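4 protein chains.
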Amino acid sequence: MKRKLRMGMVGGGPGAFIGDVHRRAARINGDIDLVAGVFSSNWERNREKASELFIPEDRCYRSWQELFAGESALPEDERMDFVSIVTPNALHFPVSDAALAAGFHVMCEKPMTMNVSEALRLRDRVESSGKLFGLMHNYSAYPMVRQMRQMVRDGLLGDILKVSAEYILGWLSKPYFNKQSTWRVDPKLSGGSLCMADVGTHAQHLIHFVTGMEMTELNADLTCFVEGREIDDDGVVLVHYDNGARGIISCSLVSTGEENNFTLRIYGNEGGLEWHQQSPEELIYMTNDQPKRVIRRNWAGACQESRDLSRLPAGHPEGFLEAFANVYRAFADAIHDTIKGKVPTQEYPGIKDGISEMVFLETLLKNTASKEKWTAVPKIEDLRECK
Amino acid sequence: MKRKLRMGMVGGGPGAFIGDVHRRAARINGDIDLVAGVFSSNWERNREKASELFIPEDRCYRSWQELFAGESALPEDERMDFVSIVTPNALHFPVSDAALAAGFHVMCEKPMTMNVSEALRLRDRVESSGKLFGLMHNYSAYPMVRQMRQMVRDGLLGDILKVSAEYILGWLSKPYFNKQSTWRVDPKLSGGSLCMADVGTHAQHLIHFVTGMEMTELNADLTCFVEGREIDDDGVVLVHYDNGARGIISCSLVSTGEENNFTLRIYGNEGGLEWHQQSPEELIYMTNDQPKRVIRRNWAGACQESRDLSRLPAGHPEGFLEAFANVYRAFADAIHDTIKGKVPTQEYPGIKDGISEMVFLETLLKNTASKEKWTAVPKIEDLRECK
Amino acid sequence: MKRKLRMGMVGGGPGAFIGDVHRRAARINGDIDLVAGVFSSNWERNREKASELFIPEDRCYRSWQELFAGESALPEDERMDFVSIVTPNALHFPVSDAALAAGFHVMCEKPMTMNVSEALRLRDRVESSGKLFGLMHNYSAYPMVRQMRQMVRDGLLGDILKVSAEYILGWLSKPYFNKQSTWRVDPKLSGGSLCMADVGTHAQHLIHFVTGMEMTELNADLTCFVEGREIDDDGVVLVHYDNGARGIISCSLVSTGEENNFTLRIYGNEGGLEWHQQSPEELIYMTNDQPKRVIRRNWAGACQESRDLSRLPAGHPEGFLEAFANVYRAFADAIHDTIKGKVPTQEYPGIKDGISEMVFLETLLKNTASKEKWTAVPKIEDLRECK
Amino acid sequence: MKRKLRMGMVGGGPGAFIGDVHRRAARINGDIDLVAGVFSSNWERNREKASELFIPEDRCYRSWQELFAGESALPEDERMDFVSIVTPNALHFPVSDAALAAGFHVMCEKPMTMNVSEALRLRDRVESSGKLFGLMHNYSAYPMVRQMRQMVRDGLLGDILKVSAEYILGWLSKPYFNKQSTWRVDPKLSGGSLCMADVGTHAQHLIHFVTGMEMTELNADLTCFVEGREIDDDGVVLVHYDNGARGIISCSLVSTGEENNFTLRIYGNEGGLEWHQQSPEELIYMTNDQPKRVIRRNWAGACQESRDLSRLPAGHPEGFLEAFANVYRAFADAIHDTIKGKVPTQEYPGIKDGISEMVFLETLLKNTASKEKWTAVPKIEDLRECK
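Chains as they are written, first to last, in this note's numbering: chain A, 1 to 387; chain B, 1 to 387; chain C, 1 to 387; chain D, 1 to 387.
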């Protein structure tokens, strides 16, 4: 019989958005207990959050270094199994690296690191540690995104010609919005990019996840619209893919009035697919010779994988938390495999996805700085020697 | 500091739909642990489910009678605080009654009982026990339903003239669909009504919840379309309300192709509101002198109560589980109040809602059996002497 | 070679809504010229409108009696071929009757008459005159309504169980709105019903048009919500049909915020259809075993008849005027048949549809006045002796 | 009193799409008669169409040269007032040029010419002839597009930051579709561009029409996806505008399953607007501090200009033909002005719009051929010396 897994957390203190999402998502499945953590660099706030989460005092640590040391010192059947890292971006690498080195599996919020160099070092660490590393690209775990991937694999679109991924929000259309945005708009804390790192990487990842296509070159137009800001708050990237397809990745944080409008459309010579994250329960499938079809989660026409990722019957809306919970479930399954001594199946995004997103960001920053139209996107497998 | 609450469960064995929803919903908030239960009358299946839920063997009981006895025998700081009842309808009353009698708070799936008589007896039991009784009318806990209620209270619709609640599904359009439907189509196990008890009560409850209006008389047309079935699988009820408003409650389990299409529309002489459960994140607000407004969860224009019931920013879809979780949160808050010795605030549906739904069902069955157009709907407060 | 047809008109003066629609619709096809008419009982307004319409002075008449006399006196190759009647309801019968008696084909706005008695007398007149009579039920000529009819005929819905027709507007939610409403709210000028005569008949007609089902009995709840009004401004009719299907016809002129929300849904045991007049280009087709399909005008899956009624490629929106124009085209085709001496094909609504709508109205007024739940709807073919 | 205008036509023979649209649109208003034309270079087909259109034999001409000569020879009160040019693109310039030279006003289908040079010569011809020249950019005459323009002018969006115009279809995703596409895919007959000339110019025009912004530089990625085709069937253009705004114009004829999906979105720092040509009756208005508003044609919130362009009440759908008819109405008004000796108001697209679209096309072809990222877009006023 499976036992419950023990999770630790770094980040996610009072007022933080994504930490709370990770905690709720981890709870939905019923097989993970949050047992330890360091939630804030401010001790009072750290304690407050730990208490609110029913975490015993002795497992609320003062720093991630103490967390890893303290948990390592516990007996194996008490010690946390993995750690969830939900800090600002700049800490993703050092904390992940330390956790793996200390022998803990890691589930890390994206973007994985601040640059390609960190990403490649983390790859080495994962390999040398023998531990599991999951990267939270939650959108890939929506049932209807899996449906898209299956339909592409089944050839229903024919040859893919065109993809369009758009991820636009309006919350940063004014110079200051709220506390959430502070570290994001500081280039030092967020990497060299705001908009593209924050939401562009979701778009870049999802296209690859669904189609398997790799970028060969890109042509970017990044912008900073809001005065006083020193980092992109809007941008478009035109992309050429290895199979001849072309893509548009359009992102914005200053599209006033938009909430979290992430849309993916894929057109092949036999059909097209359209998915809107804000209506995640349905997938539109278009061809030239049949009426438009609206495939809905857990209803007729939904593939087995999308059903396996569903918790409710069709018409009982699922959402964002369930997609997160699907990543946690897949990660937990892999941990259980390692506990049983089996080779784990990696049904969640990981280190390779993280390197890709860093390569994407670095290439588009390079293209932005140059007058050349197109900049080649390096292949990940060629990057080992760059270390 | 608040402690975690301990939940028991009756029902929700392998293959059951609603038990799983209750468990996930109770987990989302992070302050309830499932500690005991009886999940199936079949011992093997009961054990299997308990094990899957990480419940220790000694707290997986053979019957609900043993559950209440066993838990009562435990020390107070181990004993379950409340029980969730997710059995077929016919057991709602006896199990709830016994739980309250044994001193446990109860969260019961709807419909509350099989008839008005049971409902009134349960009311007495609640009063004599001094325990809390919650009835799971989850739709009332969607943030945008609370937004509707607030807008009605604020007078934005003026005098309400018309309400239309429609709850239609297609899954029972054939004689046999799946295991889920077995006890439902048996009049003895489900009460005298299938469609109206199953989904009509949701419609009846939500209209009252949002508007506060009380039915004065109704005119029903129930139908059984599928051959061999002896119970309504479709029906319409026309309603006159105490404020002069008129209503249509239209329900169906045989509307082929419909998933879980629950729609509520309310029109007053100053404005109209429209909400679709399958797109629960938005509320449409119409007037004759302004453009149509689409009020979205946690976005501009959403009222404080709807924000308090939200867990995610606008544009990150929430759904059915979160609405359930909102009921559990309110119920847990009330339990914590009793623990602290405070008079609890009842921000969740309860015994009165359950009596109303039974009165609604009995009146429409009576109207169906008669040739009179309109049948008066008794007032709940007049029913005490009926015992 | 076909010649252009010559149209006369009674009604449709300055400020009138529907007369202008008829004129534009008759023009779209390019084979009808408006050559004569009486547009208003006020001579100045009559002349003003005639002049605006480029009608020569000698063919702007002072009354419909003079119109028929004057045109009859013209040589056959100048004389109008048919007259369009777009007056307030109370004149539909006398003007139609006189036009037919004078030897002119008639295209009449609905409702056809004020009561069943007039309707039956008009039927006799049509028969004795040998002239064509068209009744403008424009919604039946939308391409996607024809698509619905074809799909029902093809058995794609299986046995029809349930129909729901809803036609709701908000423009009369206040005591006085605008000039348009004056004659409508006067029972003497509009027949005994406002809401049901105005929009209920559209719903009643479309259900029959699409399904072929005949009403056997009905149960109505008409209301007048606005103080000072003496006629229904809202109502619901429950219907039993001859094939065992059940129906809901829900109409309102006081649903604040609604524009012209006419929706028809049909459910059979094999599938369901949903059409919204405000988005007339698409038809939603649902089943339990396929994804939802959205059939769009002139796109893949659209039937031949719907394509024959289209003027534009898919994605180039058509609307209300084109549906009217389709009725005019069918009526013109039938006139051309009579000119060629052929028996005309009647592909447009006519006298039988007009009798049905009067029977519907009289029966629901009768049911409203009684305490009986259900009132039988007479069969049209039994009505001949009622003359 | 106004007289009816007399229209001639070049192009629009049997099987042609756009000629029929022009004819129907010109008819809707009731003040234009089609009196002469040359509809096909094939005499039989020319005669067939003329007969179908009730045009007398002597005014069905063998060539456009004969049309202009023949009509010029008629008495002034019989002679056509203007000619509608609906030929393949390559003839737009010579026929327009000859018509103006012969003294006829011209309404020409877009794109206006094959290149900038022709466009500038046509500008000179218009000026020297003193005749009116209208260019059919129908989308600019939708009521809700005028609403957009008004809202931008009223400052409701604040400073415009971002525009996104997307015009995608799927009909050419296979090498051969139907007769319609023959001349379009031949670079000699359609100009150097297929997709951008056909639909890209609509997007380019509408952005300028609504916002008044001028392009300063662009960065294009044109593609030909279908083997054997020698001309772009897909393309994206990134644009920098003179006010600092940025734009994306994304067009495709190979987006399988798309009908005529033309969408315009505009975001400023105070609000955003979204309009879909396939649902032309509504305009979505978003801000960060109010609920989303859906402004509908002729309903509350619609501006006067949009109402003046409406023919039907809200909820009675208008479409593509009415937008065309609005251009014809504005053009007819201007002709009436000239008849009365007044200086006409130009409320329709014209020569300047045509030059702009040619400059856009030439610049993007130039950018496509180069490796430079951005190519400057010449200002129209600087182009006079280019002659």
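Simulated from the structure, these hints should not be mistaken for laboratory data. On a predicted model such as this, the values are computed, not experimentally measured, just so you know. Honestly, I wouldn't trust all of these hints.
One copy or any two copies: either way a pair holds, since identical chains are not told apart in the list.
Said to hold, decoys possible - As a list, the in silico SDA-like pairs of lysine to any residue whose alpha-carbon atoms are at most 25 Å apart:
no. : residue 1 : residue 2
1   : Lys379    : Asp333
2   : Lys2      : Gly155
3   : Lys340    : Leu53
4   : Lys4      : Val226
5   : Lys188    : Phe17
6   : Lys4      : Asn89
7   : Lys340    : Trp43
8   : Lys174    : Glu372
9   : Lys2      : Glu48
10  : Lys373    : Thr363
11  : Lys131    : Ala90
12  : Lys340    : Glu214
**Prompt:** Looking at the structure, which of the earlier hints fail to hold?
**Reply:** Hints 1, 2, 4, 6, 7, 8, 12 not satisfied by this model.
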